[in-house]
Amino acid sequence: MHSESTAAQVIFGWSAAWVASAIFVAVYVMVVTEKLNRAIVALLGAGLMILGGVLTQEAAIRGIDFNTIGLLLGMMVIVGITGKCGVFQFVAIWSAKKVNAHPMGVLVMLSIVTAVISAFLDNVTTVLLIVPVTLLITEELKVKPYPFLISEVVFSNIGGTATLIGDPPNIMIGSAVGLTFNDFVINLTPAILVVMAATLVPVYLLWRKELVTTDAAREKVMRFNDREAITDARLLKQAVGVLACVISAFVFARFLHLEPATIAMFGAAALLLLDNFQRDAEHQSKNVHHAFAEVEWVTLIFFLGLFILVHGLETSGVIARMAHALLAATGGDRNVTVIAILWGSAFLSAFIDNIPFVATMIPLIKSMAPTFGGAHALLPLWWALSLGACLGGNGTLIGASANLVVAGMAERAGQPIRFMAYLKSCFLLMVLSVAVCHVYLWLRYL
Amino acid sequence: MTVKDLLNPHPVTITLEETFGGALKILLERHIRALPVLDSAGIYRGMFYLYDLWELLLPKAATLEGANVTDLSFMPGSLEELREKTLAAGPRSVIEFLKDKEAPAIHPETSVKEAILMLYHHDGVLPVVEKKTRRFLGILTPWEILNRLHDKE
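Chains A and B supply the protein sequences, listed in that same order.
In terms of my numbering, the first sequence opens at residue 1 and continues consecutively.
In terms of my numbering, the second sequence opens at residue 1 and continues consecutively.
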């Protein structure tokens, strides 16, 4: 465990564990307080792990999970290109019309659409695509967009939990543990379907009285021409084709012996090729530049830094000590540990970024394998971590990136979402969803 | 050459008391696209643009920063509906529509190349103000520059 850290020389002969812990805690504090951009903080922290002598550069690079980075990068490129053709606007308008533009029906439909899209795409991208159409529809319906936006935030975080590629914590867990797309679908999707159904009940009770409109306003939405929302039919066919192939490849990944990053990156390359086929050099240059400009580099750089930081903790033995402490607290009982991870992850993720939290928890849980009888016995712990960390993001307005993105858009649209107002309605929704998962985990695995 | 040599010192202006409807009427009558808004002391307070009308007529989401709405062909609209919206906004004060950030003011000492660069980016009307006091001195539009270029030919 300590081989990589001993190759480096820790400054002033200090303990590698202390130096790594100090750097990690400082980074965590900076990320939580948001005084500095999180990519800057993670990169600085990663640099200090090397400069402080906890890791060598080679060890730091070995710590980076390029499978996660590749999967995120590939999917970001695919989504960026797909978003240009208007397919998401089409789906949103089509679904609103399917319920005859009744506000509550629209809210339910858009929430479900958001959850389904979030299961396959990044949550922030999903809300960025759905929220503008929602604002267009609610303006025509003359109803407050607030309940719609809140519900979409909540359902994007719920839907993202359902699959390997829906939320960064799942990508990280899947990559680190070798869990496939199908493993997530078989183990998490059923829980998420129940959570969705359970969450719709309080959503209905909370906002049913506010969602009233006139027949004339509904008629305006019914006149929307959903087919006109498709702005590029050629690109639509290409993007849907590539997305279908990519998702099929995820499903058959084990059979094909392919890692998720290969699938996503190859899918991105294929879509770039199709989108630029037979176009002149200038057009290609512009298109490719635009496609890569859509990538959230800040997130990717944050991941890079974080992987190095966690690797520093791991190689210096801090993670092993934390795992011992957690096991001591739960009495070494696997069932208690699963439930503790579920609720602990949820409450912590409601207030802090779930990505660094999950990055820390992965090696910690891995190190529990000998105690619980091997890697297979850890499966419920991974599901508990995923469910807790992803759903916990719904607890507060700062719990997940999608929440903050929607809050920003709502504010610019003159419909600010306040921290306390969000907390009042959504913290209970989060507790409800985690309680459903508690029962699910108990019945299925414990 | 600086902006001092090019500016139009006597453009049509309005005061902070003007209404949205009143300002629109002036734009229509004069066939111009923007009106500098001054307070009672002659200090420049912002620009009222024809663009403000487009912003009023479009759904909020379409003009929202970061929303990336580039196509509204799926949304039908009638002239009657747009007229109603315009009439309803008529009594509102122009103050509500002022967005100084969109067209930063220039000064008499600003070089002509810098002014052309700003027109290139903003394609509209640049207010010319005194640097320290922001006292309004005039405007610079593409027409002032075109006229001077034409004079020399």
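It is worth saying that the hints were derived from the structure and are not from the lab.
The beta-carbon is built from N, C-alpha and C at its ideal position, and this holds for glycine as well.
Careful, some of the hints might be misleading.
Result set (DSSO-like, lysine-lysine): computed pairs, CA atoms no more than 27 Å apart in a straight line [what the hints assert, rightly or not]:
#, chain 1, residue 1, chain 2, residue 2
1, A, Lys97, B, Lys132
2, A, Lys424, A, Lys144
3, A, Lys98, B, Lys60
Derived Cβ-Cβ restraints for the label pairs, each shown as a range [stated by the list, open to error]:
#, chain 1, residue 1, chain 2, residue 2, range
4, A, Ala369, B, Lys99, 56 to 62 Å
5, A, Phe427, B, Gly90, 23 to 29 Å
6, A, Lys424, B, Ser78, 49 to 55 Å
7, A, Ile40, B, Gly90, 45 to 51 Å
8, A, Ser15, B, Asp71, 58 to 64 Å
9, A, Met222, B, Lys131, 52 to 58 Å
10, A, Met420, B, Val12, 46 to 52 Å
11, A, Phe66, B, Val112, 35 to 41 Å
12, A, Val25, B, Pro104, 43 to 49 Å
Return the numbers of the hints above that this structure violates; sort them in rising order. The structure breaks hints 1, 5, 6, 11; every other hint is satisfied.
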